[in-house]
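J.: Residue-level listing of the chains:
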Amino acid sequence: MDSAVSPKAVEERIFDVLGTFGASPEAINREATFEQLDIDSLDLVELAQIVDEEYDVQVTTEDAETLKTVGDAIDLIAARMS
Amino acid sequence: MVDGERCVLVTGASRGIGAAIARQLAADGWAVAVNFRVDEEAATEVVESILTSGGRSCALQGDVALPDTAESLIGAAEAELGPLLGLVNNAGIRADGLMATLSDEEFSRVVSVNLEAAFRLTRCALRKMIRARFGRIVNVASIVGLRGNPGQANYAASKAGLIAMTRTVAAEVARRGITANLVAPGLIETDMTADLEDSLVGMVPARRAGSPYEVAACVRFLASDEASYVNGATLVVDGALTA
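Protein chains in written order, with the working numbering: chain U, 8 to 89; chain V, 1490 to 1732.
Be aware that one or more of the hints could be misleading.
As the list claims (entries may be wrong) - In silico DSS-like cross-links for lysine-lysine, where the CA-CA straight-line distance does not exceed 30 Å:
1. U:K75 - V:K1617
2. V:K1617 - U:K15
3. U:K75 - U:K15
Keep in mind that the hints were calculated from the coordinates and are not lab data.
The following block holds chain U by itself, in its conformation from the complex (with noise of 0.2 Å):
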C-alpha cells in the first residue's frame, strides 16, 4: 500500500484509463455510470489489473459487479489504500 497517493492522484489516474478505454474524456466526471461511459466487464478487469499493479489493492469480480459509477471504484480503491 501506497499512503502517499492522494486520492485525488486516483481519481486522475482512473479518469485518464478510463479515457484509454475508449470513454469521451468530456464525459468522464464521478457521477458518470460505466454504462454511460460504455465501458463493460472486460475493461473492469483490465481496470482492476491496473489497480493492482499500481497500487497493491485488490478488486475482485464481485467488487466491480457493485461499482455503477466512476465515483463508487475511486471511492473503493481509495478506501482500501488507507
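Mind docking chain V on chain U? Use the hints.
T.: Chain V alone, transformed into the frame defined by chain U:
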C-alpha cells in the same frame, strides 16, 4: 503488430507438431519459448536450430498439467525473451480406451493436459495481451474434437472443450486486438500416432498422413499479422478426412 520484441510460448514443443510450430514461428520473427516436460535434449535441439537461423529462443521445462506451471512458464518466457504476445497450446496426450472401460484417472489426466493447462496458460497470457492491445492465441485441437472417435472419449472431450473455450475467448477479447483460433489436425506423422498410421492412412482421401510442418504452416498463418480478422476459427488440417 506491436513494434519491437514479441515472444510466443509453444507448449509441448520439443518434438512433433510443437517443434515444427516453434521453428515456423521463429522464421516469422517471433522469439520462441520452447516448453518441454521431459525431453530436454530434443528441446535444446529445437532451440539451437532457431538460434542458428538467426532467431531468438529458449527452452523452458515445465509440466503444464501442474497448476503453478502457467505462471512460472510465462514469467520465465518474458524474462528471457520479452513481452508475451503469442501462445500456442500444443501440449497434448492420449490415453485411449473404450468409454465403458475408461478409468477416472485416464479421463482426468487427458483433460488436465489437453484442456485445463490451456485454460490456465490462456488466462495468464490474456492479462499481458489485454494490456498490450495485441495477442495471438492458437490452440491445437483435433478433428476428433469435432466428430468423436471410438476409443477416445476422453481425448475427444478435451479437444471439443478446447474448441469451445477458444471460441469463447475470441468473442471476449476480440476488441482488444487479440485473436484466438485453432487448428484441428487429422492423421499427422508424429510419435503420438506412430501406432495408428498404417491402419488409418487408407481412410484419408489424400492417401497419406500429414507432416507436422503442414500443421505448423497453418499455425504460422493464424499467428501472423495477416490473420488479424480471423478469430474464433478452427482450421481443419486433415487431407480431406472429414470433408
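J.: Can you name, in rising order, the numbers of the hints this structure does not satisfy?
T.: Those not satisfied: there are none.
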